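K.L.:
Residue numbers (our numbering), protein chains in the order written: chain R, 3 to 483; chain U, 16 to 238; chain P, 3 to 401.
Source of the hints: derived by calculation from the structure; they are not laboratory data.
Misleading hints may appear alongside valid ones.
[Unchecked claim] No more than 25 Å apart at the CA atoms, straight line, and that leaves these computed lysine-lysine pairs for DSS-like: (1) U:124 - R:390; (2) U:47 - R:322; (3) R:141 - U:146; (4) U:146 - R:349; (5) R:110 - U:47; (6) R:426 - R:363; (7) U:41 - P:244; (8) R:437 - P:376; (9) R:91 - R:113.
[Stated by the list, open to error] Quick list of the computed label-pair ranges, beta carbon to beta carbon: (10) P:332 - R:477: 23 to 31 Å; (11) P:332 - R:239: 33 to 41 Å; (12) U:117 - R:17: 49 to 57 Å; (13) R:390 - U:153: 46 to 54 Å; (14) U:36 - R:193: 51 to 59 Å; (15) P:230 - U:153: 33 to 41 Å; (16) R:288 - P:42: 54 to 62 Å; (17) P:138 - U:153: 41 to 49 Å; (18) U:153 - P:127: 22 to 30 Å; (19) R:254 - U:117: 52 to 60 Å.
Given the structure is predicted, the values throughout are model-derived calculations rather than measurements.
Ideal placement from N, C-alpha and C gives every residue a C-beta, glycine not left out.
Chain by chain, the residues run as shown.
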Amino acid sequence: MKVTIIDYGMGNLSSVARAFETLNAEVQVTSRPADIENAEKIVLPGVGAFGQGMQNLDKLGLIGPLTKTVRVRKTPFLGICLGMQLLAKESLEQGRHPGLGWVSAGVKPFKRNGSLKTLHIGWDEAVPARPSFLFKGLKRVPYFYFVHGYHVVSDNLAAVAATTAYGETFHSAIVKENIAGVQFHPEKSQEAGLGLLKNFLTWDPTTEETEPLGTLKTNEKKTPNIRLIPTLLYNKGRLTKTVRFQIQENGIRHDVGHPVKAPMVYDAQLADELVFLDFRATTEERGIDQLANAVSEISGRVFMPLTVGGGIRTVEDIRKLLLVGADKVVVNTAAVQNPEFIREAAKIFGSQCIVVSIDAKKNGNSYEVMTHSGSNGTGMNPLDWAKKIEALGAGEILLTSIDRDGTMEGYDLELAQSICKAVKIPVIISGGAGKLEDLALAFSQGLATGAAAASIFHFRDISPIKAKAFLNRRGGYPVRN
Amino acid sequence: MRLALVDYGMGNLRSVANAFEAIGEKVQIARKAADLQNASAIVVPGVGAFSDGIRNLSRSGLIKPLFEEVQEKKKPYLGICLGMQFLAEGVSEEGGLDSGFGWIKSGVKRIRPADVKFKIPHMGWNDLDIKKTGGLFEALPEDPVFYFVHSFQMVVAPEEYSVITSTCWHGTEIVASVQKENIYGLQFHPEKSQRVGLKLLENFASIARNYAEKTADSCPYPA
Amino acid sequence: MPNPSLDKESSSLQESASKLRRCVRCLLAETHDTIVFDAEGVCNVCRNIEHKQQVIDWAAKKREFEGLLDSYRGKYAYDCIIPFSGGKDSTYTAYTLVKQFRLKPLVVCFDHGFLRPTVIENTERTIRALGVDFLKFRAGWKVVRRLMVESLKRKGDFCWHCHTGIFSFPMQMAIRFQVPLVIWGEPNTEYNAYFRQDEQELVDEKRFNRYINLGITAEDMAGMLGQGIDERDLEPFRYPPKEELKKLGYRSICLGTYIPWDVKAQVEVIKRELGWKEEAVEGVPDGYGYEKIECYLQGVRDYLRFIKRGMGRTNHLASIDIRNSRMTREQGEKLMAEFDGKRPASLDVFLKLVGMTEEEFNKIALEHAVYPHKPDLRHVEKGAPLWDQEKWVSPGAKE
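In isolation and in its complexed conformation, chain R is listed as follows (with noise of 0.2 Å):
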């Protein structure tokens, strides 16, 4: 195995060579830019000043060479004290000097207090912040060597691999990608030193966890959970299922079930969250006391997320359901008609209670934004209104199909991937769901953070849980079990 040890004139690199020889890595000290970019791995050891260490790797025009191979390239690359600060963004170290800027972090020194002397010098542990490559075959809580002035603290939590207190506590050793630094000197630090350095020489980054974050479940998922989300349409003291926002006054649709006992079973089923809307409020003109009095009592009897909706005018009606135990509101009329009603309540009660639904229908080859339950048209087009939302501070957007509610002919996934792709914030898309497969679609062609279904699960043998254990069958969506 070769190391490439980088000489831009910070310290004596002869340790840090002597460590890897005895290693039986094969050394190369070089200044040279060619090196660099035929590196199989880079070592930036140094002591020093940081304003210094940048402006001779500048002289020697090995930034540019750096920063292609490690960060484009992604060789495995490990900064030893000066060589870790210069990761940093800036450094406090003698005014202000900006660094590599690999790592959100900075550098500064340590705070004048009591008796602990503003140079850290000697043994001291380094407390591994989760399992990284570096502390492999290691003791738990290894002592490696210091000799340092300043400190990197990283705001990237994720990035830190050890901590250290010395009257504070700093960031010892970080791992990021392919990208490592430790703040002691592990060629000064006996065997725990040599281990880590033997680690270094056989990291490799791609196979292993590419991002520092060892075994910790938490972080090993590299996509968020997915979202199923019942819908109940709340209708004069009782659910009903529309279809292309009509209640059907006959057949099976008209009556779907209790509005409390109905969010207990799929509280037992394991949805992820429940849509409760008295969707025909506003155009009945019946502000949201019955709705405040349904979710009421829901609210009584299970204890999972709460979006609801329908009728909501003022910040008063907002406040009103979030005490009643709602935790995200859905406002669509109101919207439409005062946009500024959204910055408003975003501001008041944060963006992520206020979702914004946007019941879309298709008129030929375009969408038109509908409101008073899809009956009045907007003239606006669903994408324009979309991102106007997110950027009056909307936490959520809920997307509904008008022209598949209730059809069970699966999700209007153009629509859907349109709007998915043009916000940053989540999207739950509606409308459709008729089979186990449109779950599935929802997600990996409709770009959804969450899908709302009711049909699927009123008129098929089909429950959140059962749906669950279908995605998990499919494999690669991430779900809550």
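Fit chains U and P to the known structure of chain R by using the hints.
P.N.:
Structure of chains U and P alone, referenced to chain R:
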């Protein structure tokens, strides 16, 4: 034992009260200083903006008694979501600069995931990476999953890392819960996290009960 | 995320079933609710059973059970309630609790209305032999008939009244007689994976809502039936309020959580000790005369399931035998090909009972086929009637 649930006009009071009731714990809605003084434990829920929340608390005259009861008398404190973020020194982005309680050396910042797959707000169910078991996490099932809904996160200063009891991953590591002595903070919503959430509230209730028993005047003439 | 495959074209009943992905070990198909396959292609039901066979310390479980019983024995009107159908599992449960654990139970039977003669006789013998108090209840036919049609339309399953009655009625009796302990037979992990291995399966309202009641509570159903229904008509199917159960301090558990469940051995015990008799079941090979003999509409239920999921009763039985190393996968496949997926003669009885044509029945059943199973019903082989079909209660009785 008296569980005081602080009402400062920010959101989901009812859900939290319901959840405690579901596990057989009565809560008392606290709106003034005396309510906190009479309590054996204090729960601060809340959704919404940090600044509005702090202002409301301050207007209700609750901040001073909170400091007295929690900081000095060491009553168990449970902050949920916004109630956890109040523990920070302040918020630096959300509509200006507002101070929190400063009980934990930390700030409140907007979540910035590295990857666009992770949408903001962080909404939905996420698993915890539990750093410290016991306490609120006592006897929880393996790999618990909780419901989150927030755009801001608590960023704990390195010297206070020991208070972090769990984190979660949403394109970036997020502090999901903290504990510092008698002070507990949860970024997620136990009251919305089904059975496992209720179990966590039960754990807080028993912590509160222990406190209440320890501090009760012991009768010099036992029956 | 993977790019899911496109819809398949429909194909004949057997053919569509044969295209389904199945557990490489036990033959359960991908259409089985909650099934998930691991990297080796083994399903989670198999893994659960493995766990049960290898990990659980049954001696400790039994001690735990004895301790639990001690806190109830002799303290109430009855030591426990035993929900009872007359089938093998509940018969063995009653036998074990009375003879081995020396309990005085109240045995409660919710009669779904389609009990076969042999089961009625078996029940008589069992009740006499055990000498227990026995309570049997049957809900009114007019309501049951409407419930059957309604749940068939909504969920492709006409047995809602039976699922909900069986699990609600004994709980109601627990409250009425103030008996807090209710002991059921086998836990569900034997057949599917609605609960994790480390979760104890309590027979409570959550379980009821999770997968017993088809997602429909009695309160839901009352409004769905609409006109002409008195809310009281749904009372037998209503899970009692949590508050009342809490007040009672109820505990509702499965015997199978505490003793290993071995159906074949247990059947031998009840045959020997109680004179329990086997009976032929529609569409099932010989040698399984103990499974699901309690309902004469079982054949229709299994047929419906085959249309929905491409899995028949023989599949179910073979899966259990394969898991317990009593049958090879190949033997199972052969039996399934021979017996599963036939149109049962009892379908005529069912159609007459509920007043429906076969076309209507088929249409509803096909609507509920679980993705990716997509059968058609053009060429379905007919099955032979059971010997006792003519003895079943005369259908077509006028309302």
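K.L.:
Determine for every hint whether it applies to the structure shown.
P.N.:
Structure-based check of all given hints:
no. : hint                      : verdict
1   : U:124 - R:390             : holds, 24 Å
2   : U:47 - R:322              : holds, 21 Å
3   : R:141 - U:146             : holds, 19 Å
4   : U:146 - R:349             : violated, 33 Å
5   : R:110 - U:47              : violated, 43 Å
6   : R:426 - R:363             : holds, 23 Å
7   : U:41 - P:244              : holds, 18 Å
8   : R:437 - P:376             : holds, 12 Å
9   : R:91 - R:113              : holds, 20 Å
10  : P:332 - R:477: 23 to 31 Å : holds, 28 Å
11  : P:332 - R:239: 33 to 41 Å : violated, 57 Å
12  : U:117 - R:17: 49 to 57 Å  : violated, 45 Å
13  : R:390 - U:153: 46 to 54 Å : holds, 47 Å
14  : U:36 - R:193: 51 to 59 Å  : holds, 58 Å
15  : P:230 - U:153: 33 to 41 Å : violated, 53 Å
16  : R:288 - P:42: 54 to 62 Å  : holds, 57 Å
17  : P:138 - U:153: 41 to 49 Å : holds, 46 Å
18  : U:153 - P:127: 22 to 30 Å : violated, 51 Å
19  : R:254 - U:117: 52 to 60 Å : holds, 58 Å
Violated hints, in rising order: 4, 5, 11, 12, 15 and 18; the structure is consistent with all others.
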